[in-house]
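Dock the two chains into a complex; use the hints.
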Amino acid sequence: MKEALIYEISSPGRIAVNLPDCDVPTTSLPEGYLREDLPLPEVSEVDLVRHYVRLSQLNYAVDKGFYPLGSCTMKYNPKVNEEAAKLPGFVHTHPYQAPDTVQGNLFLMYQLQEFLKEISGFASVSLQPAAGAHGELAGVLMIRAYHESRGDHKRTRMLIPDSAHGTNPASTTMAGYETVKISSDARGNVDLEELRAHCDDTVAGLMLTNPNTLGLFDEHVQEIARLIHECGGLLYGDGANLNAIMGIVKPAELGFDVMHFNLHKTFSTPHGGGGPGAGPVGANEVLSPFLPGPIVVKERVEEESDEWSDEEELYYYHWQMPPSSIGRLKAFYGNFGVCIKAYTYIRMLGAEGLRQVSENAVLNANYLLSRLKGVYPLPYDRTCMHEFVLSGRLPDAPDVHTIDIAKRLMDFGFHPPTIYFPLIVPEALMIEPTETESKETLDAFADALIQIAQEAKTNPELLHNAPHVAPVARLDEVLAARQPVLQCLK
Amino acid sequence: MSYIPNTDADRAAMLKAIGVNNIDELFRDVPEVLRYPELKLPAPLSEMEILRELREISEYNVDLEHAPCFLGAGAYRHFVPSVVGHVIGRSEFYTAYTPYQPEISQGTLQSIFEYQSMICALTGMDVANASHYDGATALAEAVLMSVSVSRGKRRKVVLSAGVHPEYRTVVHTYTQGMGLTIVGEEADPLATNELANIVDTDTACVIVQNPNFLGYLEDPAVLRALAEAAHSKGALFVVSADPVSLGLFAPPADYGADIVCGEGQALGGGLNFGGPYLGFFACKQQYVHKMAGRIVGQTVDRNGQRGFVLTLSAREQHIRREKATSNICSNEALMALAAAVYLAAMGKTGLRKVAELCYHKAHYAARRLLALPGYHLLSQKPFFKEFALRCPRPVDEINEYLLDEWGIIGGYNLEKDYPQLTNTMLVCVTEMNTREEIDLLVEALSPDSFVRENERWGSDEEVAA
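Protein chains in written order, with my numbering: chain A, 1 to 490; chain B, 1 to 465.
Hints were generated in silico from the structure; no laboratory data involved. Here a beta-carbon is modelled for each residue, glycine too, at the ideal position from N, C-alpha and C. Nothing false has been slipped in among the hints.
One side of the interface only, derived from the structure: several residues of chain A facing chain B at Cβ under 8 angstroms:
hint: 1; residue: Pro30
hint: 2; residue: Pro78
hint: 3; residue: Met410
hint: 4; residue: Lys439
Taking lysine to aspartate or glutamate and the DMTMM-like style, the derived pairs with C-alpha atoms no more than 25 angstroms apart in a straight line are:
hint: 5; chain 1: B; residue 1: Lys40; chain 2: B; residue 2: Glu53
hint: 6; chain 1: A; residue 1: Lys117; chain 2: B; residue 2: Glu47
hint: 7; chain 1: B; residue 1: Lys348; chain 2: A; residue 2: Glu45
hint: 8; chain 1: A; residue 1: Lys117; chain 2: B; residue 2: Glu32
hint: 9; chain 1: B; residue 1: Lys16; chain 2: A; residue 2: Asp443
hint: 10; chain 1: A; residue 1: Lys181; chain 2: A; residue 2: Glu219
hint: 11; chain 1: A; residue 1: Lys117; chain 2: A; residue 2: Glu352
hint: 12; chain 1: B; residue 1: Lys290; chain 2: A; residue 2: Asp476
hint: 13; chain 1: B; residue 1: Lys416; chain 2: A; residue 2: Asp100
hint: 14; chain 1: B; residue 1: Lys290; chain 2: A; residue 2: Glu477
hint: 15; chain 1: A; residue 1: Lys117; chain 2: A; residue 2: Glu299
hint: 16; chain 1: A; residue 1: Lys154; chain 2: A; residue 2: Glu285
hint: 17; chain 1: B; residue 1: Lys284; chain 2: A; residue 2: Glu36
hint: 18; chain 1: A; residue 1: Lys79; chain 2: B; residue 2: Glu49
hint: 19; chain 1: A; residue 1: Lys298; chain 2: B; residue 2: Glu53
hint: 20; chain 1: A; residue 1: Lys373; chain 2: B; residue 2: Asp24
Listing some non-contacts, in silico: residues in chain B with all C-beta distances to chain A over 10 angstroms:
hint: 21; residue: Arg155
hint: 22; residue: Ile182
hint: 23; residue: Val183
hint: 24; residue: Glu185
hint: 25; residue: Glu186
hint: 26; residue: Gly256
hint: 27; residue: Tyr287
hint: 28; residue: Leu370
hint: 29; residue: Gly374
hint: 30; residue: Glu397
hint: 31; residue: Glu405
hint: 32; residue: Tyr418
hint: 33; residue: Thr422
hint: 34; residue: Ser446
hint: 35; residue: Ser449
Just chain B, with the same shape it has in the complex (with noise of 0.2 angstroms):
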């Protein structure tokens, strides 16, 4: 089953037109001796056996539907709407291309218009583009487009420790042909007003990340102190944010930033294993030109009707090729389409609504952690929807037992990224967690269970002996 219309009959009236005896002719022009190479691919199938297969494939899985899951670090298990699927799937977005044509294809245009527009509502910056594949490869083309804003005179970016260890990751792979220096990594996560020490007039920017990846809020004050520092010394102040905290928190406007990018996954697209996700970008109007990504503009048609397209395209590759403010081309716009969808379904007070829940059932699980021998917090700051608990087991260890005796997914283990923080657990609670899943997790980890589990099973050194 290739999809291919053509039958026999179609091939031989095609190769005749073309004046050719068989296909194979065609094909001169590849090496004789290369030709028709086996590929060895396992059997075709049905689309029922095909079927079959992946849900069996599937089911090797433990997935989020069966098991309670307080994993975040960056992607986030948030409730998506049934309105979301039932609009990207409809096939005249999905199936369309990039909308080089626009008048038949407003129906894309428009609707990235709205994302776009929605995205500067959240954010509180002038312009948005129509999306980078993550929030990790925004970041990283928010550090290039600040280097660019200093005509590339600035080689110096000041990271803070705070952001997404895979983001910072990303930043160092796409600038390392660049000779930049990053700085800022090695300091203590939680202490972002002491970045402002190390800013001068080779930086290009200044980075945060708010909510910080161990889910602190960021006092806004430090960081319009922060953004002064940045500004003071002709550095851009650039906030990688989590957009439904966005439903409930100071937009990164309000406390000076210049360019403001994340992961907008959490907005109406499923966890996927990962991807496909969505980086949302956006910034201040005097920045635009530099601003890299595909932009929708409003316009008019020749009888005065208003119409959109897509603008700004010579800072693209496709006109300015080596001169381009990025390679982008393709990028994540269902996956905007679905964002635009969750934001005009939410609106205003849904997406409060959606932060609070995160907020309130993060903040009980804390107290109600807490509570129990041997939990704290690593710090009294305001978190919103993750939290950083110190625990009094390793965390793989802890997860191993949830899994295992309870079936609950536990959170993220912080030492693999930062040493310090042994035995230091990223709790991730979101308005998908129910009182009870919170408080079963409370049960499993309270003492009494689990020297329950090892006066049943043993501990690992008596099975062994």
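Isolated chain A, as found in the complex (with noise of 0.2 angstroms):
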């Protein structure tokens, strides 16, 4: 099913909107200063917008169906968060109003800011980071920061568990250390006499997501933190998986010393096709004068006398630079639209609502776990938090990878798992359910799975050339990158 390209079903003089005319007297534009051609599309309202709906029709969505992807929580995406993020008055805020012009802006986001921090634990927050890995640049920005703040400058190396996102070492890299891999053990946990050997004065400290991106809590969390923190070094958080303990346990209170949220994952934010999402970062007492800035802060006025306002306490809300700021990470102040979704989920769900999200997160995957541990491989049998991974290397089925299970599994109407993820696992499945999904969701995905285990040994051509429904069969990959077409302009 081929959609044409925008650019082919344009036609000279086509426009799909229009605009006012000039209702003001004209100036002459300054000669060797204008463009000659401008090759965008021309088409119809009409054109354009059959053009777009059909090509939504070409996608899945997790308002269509499963999306198991683990460590992304593709959880359902309320509507209302919609609604609030299209109220007028947030959308028409300029970020450069007064501040006394925007105090329903500065007082949402003073609120987010203490939400996050009640269910981190941590002292501070800052909304400023677009994504999860602006976070993660961000928190290893500010250990730096503080390392550096104590004439400390020996500590060139951060230290990564080989089951990190790529994200982790990435962001390391751009923030000037070197990258430093640390095994994980059969259990799944980071290794600890490994740790224990490299902790030293050249450490700046350890990036740690927990539960890991096996879905594994590490068994000795408060060990880890406590090695990292005696040779001098800091513990950054990767909040990726914060969807499994929401009530159960405040990662501050576990020893972290920084770490960044996905609203886009745990906080119902929808994915957008790859964005916008927000990266927001929480630091406890020692590394929150480092946060990128600016934050919110509130201070109380002064009020006046007057007998009906007596209870009311009034605050006024502006921006403040923190005291020893890594600076400002981008423009602005931070995916405003995104963080009305977040405060507007919180609110709806409250504390009981969130430890259900947790407490139904992990128990839809360890239901999920049991019904398929016996027929795929399972690298490391312990109890499950949020997410789970399997291996796609089934023992009666040598020539079929990963790849032909996740692109079967599209036939029965389901996006893939996560493949290939972590690195750790050869073949690997990692698979996330979300709290929002019902058990028969649950059971039919596991049926879905149970028979392609079959399908591999009785029918693998079946595996090998899927998907057989989808809007394209399945994409040469390695012609697109040793051949790029990466624009249709002639």
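This is how it looks when you write it as structure tokens:
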């Protein structure tokens, strides 16, 4: 099923908007400054709309079906969040308006900062980072700034478990540190002996995801924190897997010094096909001064003596740069439109609702695991948290790979799980159901995977040639990289 | 309301299948003494209640549908055609994930391929990526890329003072661990030609903004000379551009740019108090393997049918990890889709018309304001939709008066970022400002109005006495 490119349905003279005529006297344009040609499409509104509607129908999406992508937390995106973010009083505000004129926005951001502090146990939060990786960069730069501020210039190495998401080492490099890989042990925990051997005064810190990308809660997390702190390092938390532990444990209490949140994972804001997300970062007392800024602060306002405003505390909200801030990480303040959605979500769930989220996320994952563990190899046989990792290396089907299993799942109407990650499990299948799926969906997914395991033995060609019912058949990614065609202009 | 379908019966059945008695047992790896902390959060609200609360909160703001606005400085009130919201509001687009499984993500992939093509059309570059977080981070990535192109050997960046002050700050933040030397910011933001004097063989890139932060259009001949100066020393020439201006003015490819980046918010993205925005990024073919971010490429499927995939992934964090071109993962895909819809809706004639409207209205406003005593233009250089206006009194004072007495949101106070520009306001006029609004601004600032207000209320000193 092929959809023409927007350029292929263009015709000179067509346009999909109408603009008013100029209502002021015109001014001559500067000669020598103008462009000659502007190769943009020319389409009518009806063709434009049909093009994008048809394109949208080629997509799988959470609103269509199950998306068990490990570490992505593809939970349902509540529609009330979308309504909230469209309120004109929010949409039509300019970031440089005087604070007096945007107290509503500042109040909302302040409240979200407070909510995230409460959920995580951290002392301060900055909402500025625009994505998880952006928050990671903030955290690593903060650790660096902390050591520099103490005149400690020897620390050049960041320890990172071999199960870590690729953004961890990439962020480390961007911050100017060297990455040192730490192995996982046979139970899927960070190898304590190896960690202990590396802990010295050249270590800036450790970046730890907990639960980790195997979906396992590290059985020695407090000991890990102790070891890192003992050698003078700091513990960074990759909060991508926070969906497993809200109301269950506070990361700051486990010993993390700084952590990023993914609002587009844990806090239900939509993924948008690759963003926008938001990656706020939280810090303990020691690291709070280094947060990227500005952040929102409040101060009590002198009240006029008035009988009926007695109980109300009046506050004025405004921006403040943390005293030793690593600086701005982007222009303006953060992805405010995304923050509104996370705020709305937390206000609707409350403490009890967030805890139920984590409990049900973990329950769903363990249930799905119980249905599949006899069928697919399970490298780490422990109680999982909100996700688990299987291997696609079926003993009776050596020619079948995880990619084939993934593509065949599409024929059953499911988006495949995360594949080939974490790197420490060969032919990995990382499955995260989330709490917003029903038992029926989980059972249907398990049934499909069980059937595919059978097909792998009896009819592997069905898998090798999958998908059969998608809008396109399996695509040639090798060709795309070898002969890149990255735009369609002549 | 937590959107959880499980009933108690479902939970009981699942616990039984797992082989535990209650959910607590699943958390046995969590240190017991720390388990189940109290979260002090406000009591949950129903959908009806939260919407009411949010509407009240939003009404504590002065919003631009209720106040004429002359504020720009990197975030712009441009017209967003209705089609944009209807396309990005389709949940097949906004609830989709990053298109790692291309066979069931052709909607996202093709729309981003088309976006990349349109960005190349605007900028004259050969390739574009699928987005950065915003114009500032796109520029920071351009710096990292330029250093990488020199294999890390060049450690100097020439950065014009005409680049948005916050963008420059972000460049410093991103490079704080790299030991780079960044020069040029202390110079006159209007003396772009002089930057050529500080380019040397240690320079990784030379960066200008066009139109610059003060609204001025750089002379293409000056930029061409600067590009040549950069290239003669082996440095890249980076231009941060306003995409609406590119509807009318020469694409940076014409004057020697190697990398073109900038803020795409003006293309169909609302103001949204600063985010989510859109960093667009494009470069010449020879640098594509050093470019960060996602890139969509065209290919075929097993039946020979055209399709699209994420490609050149060996540059990215999920493959190259610590050797990746950048750590970027989630970007601003939905905002890129909005920009694509906007550009397709406007098309070659529409975008030009938007730019012309901005140009004519800004020049009309400038002419009328200059007729008032005490107001001058900072420079006679050509400008696009913003201009630096020297005022007879402090900008903050003028803006307070404009808001309190006339309900008008005035321009940006340039003294904050350029201490030499006292009493200088950056006035922005777009196609959204009507003639009536412009005339109202002029009336508000005319000496009669100011005097009338001062007579009515007295000056601050008189009131305090």
